[in-house]
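A.B. asks: Take a look at the letters that make up each chain.
There are 2 protein chains.
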Amino acid sequence: MSKLNLTPINWKFSERAEQLQSSAIREILKVTMRPEVISFAGGLPSPETFPVDRMRAAFDKVLAENGKAALQYGPTDGYTPLRQFIADSLSTADCKIVPEQIMMTSGSQQGLDLLAKVLVDEGSKILVETPSYLGALQAFSVYRPEFVSVEMDNDGVVPASVAAKGEGAKLFYALPNFQNPTGRTLSIERRQELVETCARMGIPLIEDNPYGDLCYSGEPLPKLLNMNPDGVIYLGSFSKILTPGIRLGYMVAPIPLIRKLEQAKQATDLHTSTLTQMAVYEVIKDGFLQEHIPSIRRFYSAQCDVMLEAMTKNFPEGVTWTRPLGGMFIWVTLPKHIHSKELLDEAIANNVAFVPGGPFYANEAETNTFRLSFVTVSPEKINEGIEKIGKLIKARM
Amino acid sequence: MSKLNLTPINWKFSERAEQLQSSAIREILKVTMRPEVISFAGGLPSPETFPVDRMRAAFDKVLAENGKAALQYGPTDGYTPLRQFIADSLSTADCKIVPEQIMMTSGSQQGLDLLAKVLVDEGSKILVETPSYLGALQAFSVYRPEFVSVEMDNDGVVPASVAAKGEGAKLFYALPNFQNPTGRTLSIERRQELVETCARMGIPLIEDNPYGDLCYSGEPLPKLLNMNPDGVIYLGSFSKILTPGIRLGYMVAPIPLIRKLEQAKQATDLHTSTLTQMAVYEVIKDGFLQEHIPSIRRFYSAQCDVMLEAMTKNFPEGVTWTRPLGGMFIWVTLPKHIHSKELLDEAIANNVAFVPGGPFYANEAETNTFRLSFVTVSPEKINEGIEKIGKLIKARM
Numbered sequence: 000m001s002k003l004n005l006t007p008i009n010w011k012f013s014e015r016a017e018q019l020q021s022s023a024i025r026e027i028l029k030v031t032m033r034p035e036v037i038s039f040a041g042g043l044p045s046p047e048t049f050p051v052d053r054m055r056a057a058f059d060k061v062l063a064e065n066g067k068a069a070l071q072y073g074p075t076d077g078y079t080p081l082r083q084f085i086a087d088s089l090s091t092a093d094c095k096i097v098p099e100q101i102m103m104t105s106g107s108q109q110g111l112d113l114l115a116k117v118l119v120d121e122g123s124k125i126l127v128e129t130p131s132y133l134g135a136l137q138a139f140s141v142y143r144p145e146f147v148s149v150e151m152d153n154d155g156v157v158p159a160s161v162a163a164k165g166e167g168a169k170l171f172y173a174l175p176n177f178q179n180p181t182g183r184t185l186s187i188e189r190r191q192e193l194v195e196t197c198a199r200m201g202i203p204l205i206e207d208n209p210y211g212d213l214c215y216s217g218e219p220l221p222k223l224l225n226m227n228p229d230g231v232i233y234l235g236s237f238s239k240i241l242t243p244g245i246r247l248g249y250m251v252a253p254i255p256l257i258r259k260l261e262q263a264k265q266a267t268d269l270h271t272s273t274l275t276q277m278a279v280y281e282v283i284k285d286g287f288l289q290e291h292i293p294s295i296r297r298f299y300s301a302q303c304d305v306m307l308e309a310m311t312k313n314f315p316e317g318v319t320w321t322r323p324l325g326g327m328f329i330w331v332t333l334p335k336h337i338h339s340k341e342l343l344d345e346a347i348a349n350n351v352a353f354v355p356g357g358p359f360y361a362n363e364a365e366t367n368t369f370r371l372s373f374v375t376v377s378p379e380k381i382n383e384g385i386e387k388i389g390k391l392i393k394a395r396m
Numbered sequence: 000m001s002k003l004n005l006t007p008i009n010w011k012f013s014e015r016a017e018q019l020q021s022s023a024i025r026e027i028l029k030v031t032m033r034p035e036v037i038s039f040a041g042g043l044p045s046p047e048t049f050p051v052d053r054m055r056a057a058f059d060k061v062l063a064e065n066g067k068a069a070l071q072y073g074p075t076d077g078y079t080p081l082r083q084f085i086a087d088s089l090s091t092a093d094c095k096i097v098p099e100q101i102m103m104t105s106g107s108q109q110g111l112d113l114l115a116k117v118l119v120d121e122g123s124k125i126l127v128e129t130p131s132y133l134g135a136l137q138a139f140s141v142y143r144p145e146f147v148s149v150e151m152d153n154d155g156v157v158p159a160s161v162a163a164k165g166e167g168a169k170l171f172y173a174l175p176n177f178q179n180p181t182g183r184t185l186s187i188e189r190r191q192e193l194v195e196t197c198a199r200m201g202i203p204l205i206e207d208n209p210y211g212d213l214c215y216s217g218e219p220l221p222k223l224l225n226m227n228p229d230g231v232i233y234l235g236s237f238s239k240i241l242t243p244g245i246r247l248g249y250m251v252a253p254i255p256l257i258r259k260l261e262q263a264k265q266a267t268d269l270h271t272s273t274l275t276q277m278a279v280y281e282v283i284k285d286g287f288l289q290e291h292i293p294s295i296r297r298f299y300s301a302q303c304d305v306m307l308e309a310m311t312k313n314f315p316e317g318v319t320w321t322r323p324l325g326g327m328f329i330w331v332t333l334p335k336h337i338h339s340k341e342l343l344d345e346a347i348a349n350n351v352a353f354v355p356g357g358p359f360y361a362n363e364a365e366t367n368t369f370r371l372s373f374v375t376v377s378p379e380k381i382n383e384g385i386e387k388i389g390k391l392i393k394a395r396m
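Just so you know, the protein sequences line up as chains X and Y, in that order.
Residues in the first sequence are numbered consecutively from 0, following numbering that gives the first Met the number 0.
Residues in the second sequence are numbered consecutively from 0, following numbering that gives the first Met the number 0.
With the rest of the complex left out, here is chain X:
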């Protein structure tokens, strides 16, 4: 039987699909993949930090010892020993987390999608930081909420702004540690105020924490989750502390919500790879992260220092930027009249790239901002690239 000669379908997408557009970042990344481009645009962790040999040994061990179970369908909420391990690692003296509160996801991006699926109706109010993580805005926008932007300063979200704007909100989405895109951290004083404000107003608080372990000095600040496990939904990820390509994350939520999320995940993709979960458990179960994470911190901290120093040397007065205490990003604010998208066009012509700030705003973009990532570029190239960007900014001052 052969191909028939039929009229092609005229595709009509759902209303929600009309909201979708390709990430501005992914479009830029395509341009910046040319090897001659010095790219500060990526959000990728450095492959230098990937424990390839450990991962290889773990996959091998799991498949050798337990291959049939690792390759069979598994439970929707995930591999129990891994969930137990995560629960233990998130528990504090006065806040015990149990495995029943945890569901494994295909990256924490999936957690965002499932949360919106289960909690957001068309027109539901979602509070977001200003600016916010682009991937979250994308995930949520499919469900057609109303985004309300909450004020932020160098100490992170301003809790009074949540109180002023949050009435009736379905969710508040926050990235309290070394935020993507700004690199900012929510101060310890504000954490309690934010948690209390959201609880008082009945607003579930999403604590997205992919970078939280990557503090350059000291220890991570207390988690919002541990301050109010009944009102905070925590998203964790192995992408930045192990490797991202395996797509493994998790969410922690009150049990009635987890059960509903589990139903949603079952309908969405049944479960996350059994093999991947077992291999990651094998890698981390004996404390590997305690030795591995400090090496990532040292590496990223040194890279960040190189970039900050180069910026101080090359960026003219009138330009300001954040000084992150961890994570992967620096946020730059130009004088109002300079449009970072136009600057990017010139930069690309000069073989250097960054991400303009506009797409990170849910409302009223500040077009004089941009994001720099320093983790995948060598110190020499950081200096060269920042010098080029500095010259282009000066020419526009």
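One should not assume that every hint holds.
The list cannot tell twin chains apart, which means a pair is met if one copy fits it or any two copies do.
[Said to hold, decoys possible] Cross-link-like lysine-lysine pairs, in silico, DSBU-like; alpha carbons within 30 Å at most:
{"hint": "1", "residue 1": "Lys2", "residue 2": "Lys164"}
{"hint": "2", "residue 1": "Lys312", "residue 2": "Lys390"}
{"hint": "3", "residue 1": "Lys284", "residue 2": "Lys95"}
{"hint": "4", "residue 1": "Lys60", "residue 2": "Lys284"}
{"hint": "5", "residue 1": "Lys2", "residue 2": "Lys284"}
{"hint": "6", "residue 1": "Lys67", "residue 2": "Lys380"}
{"hint": "7", "residue 1": "Lys164", "residue 2": "Lys335"}
{"hint": "8", "residue 1": "Lys2", "residue 2": "Lys124"}
{"hint": "9", "residue 1": "Lys11", "residue 2": "Lys124"}
{"hint": "10", "residue 1": "Lys164", "residue 2": "Lys124"}
{"hint": "11", "residue 1": "Lys95", "residue 2": "Lys29"}
{"hint": "12", "residue 1": "Lys67", "residue 2": "Lys284"}
{"hint": "13", "residue 1": "Lys67", "residue 2": "Lys29"}
{"hint": "14", "residue 1": "Lys2", "residue 2": "Lys95"}
These are computed hints drawn from the structure, not numbers from a lab.
Put chain Y on the given structure of chain X with help from the hints.
C.D. replies: This is chain Y only, laid out in the frame that chain X set:
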């Protein structure tokens, strides 16, 4: 900072989440996991067919030779060499499929979710077979369509029923080969008629084909995809021919639709595991499936024969069942007055289980039906279990 004493959130789910319920099958599976139960309820492939050593060698090779790339973020549409391989394997003399038509997914279940996300509005009409695959009904129901059930007989879907009921439908979801749950195959004569009917009416046809390669004799029937690549969306999976626990499937669709699906996938989980895709490519690239699939066919065919023979011997007159030409399932129809859910309760008390037919119907369930799977139970246990069920049926005649 310690846990605060705050009022817990009163969770209110989205309207779409209220549609969600746990799969009836998953609930039954929990009961049937007791080792003394002979379970024909599962939909799991037999782990005897998993090429564990091959998978182990492939993961090892990929991580040894290309570890950093395998563990890094990857493109949303998938690993290009694997997409090229799939495109080649689906191409026929007069229907060339190109990699740009293919997107890798986290199991074909994710394909169902993404298709509904991108094509279905509340109230959109979706045509489904009678009965249909429960996982598809679940995936679609989240988006609150109107299901319209299309007639089916032993030759599969009746195309005239599509013509009669399909006006204005957004989708027709079909499982033409060894359907789950009935084991039925759409006859070769009807394939062309169905494809033409859908094209004439402008209805996109989803061809879900997880079992298509598992024909017990001869070669698979022509794919609907190859008869009309402009109007058919094809869902493929490695779950039944390799292993399910890795969660790897793919969808083939016209390029404008694939681009929109790619945006939806990006917002949903960024991409499917790079490592898994590279390892599966390593397993299959030199023709392994051509030697492996026949061994699964022989194994399942022999298991099916054992069950059919036992049924002939033990089931009383008035009970009918399908005789599958491939796949994993037999569908049983009891006299009208016997409710298969009640029969199941008695069966479980006798340590044998199956899945009652009700949940597989989008509308007007025929409660005198049930599904049997024969692939994970030994021939001795098949005989023992069927004999028990036969006795229970006779007692109710």
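A.B. asks: Look at each hint and say if it fits the structure.
C.D. replies: Now for the hints, and whether the structure bears them out:
no., hint, in the structure
1, Lys2 with Lys164, "between (58 Å within a copy, 25 Å between copies)"
2, Lys312 with Lys390, "within (11 Å within a copy, 87 Å between copies)"
3, Lys284 with Lys95, "within (19 Å within a copy, 48 Å between copies)"
4, Lys60 with Lys284, "both (13 Å within a copy, 24 Å between copies)"
5, Lys2 with Lys284, "between (54 Å within a copy, 27 Å between copies)"
6, Lys67 with Lys380, "between (47 Å within a copy, 21 Å between copies)"
7, Lys164 with Lys335, "within (26 Å within a copy, 59 Å between copies)"
8, Lys2 with Lys124, "between (49 Å within a copy, 27 Å between copies)"
9, Lys11 with Lys124, "both (27 Å within a copy, 13 Å between copies)"
10, Lys164 with Lys124, "within (10 Å within a copy, 39 Å between copies)"
11, Lys95 with Lys29, "between (44 Å within a copy, 27 Å between copies)"
12, Lys67 with Lys284, "both (21 Å within a copy, 22 Å between copies)"
13, Lys67 with Lys29, "between (39 Å within a copy, 19 Å between copies)"
14, Lys2 with Lys95, "between (61 Å within a copy, 10 Å between copies)"
Of the numbered hints given earlier, the model fails none.
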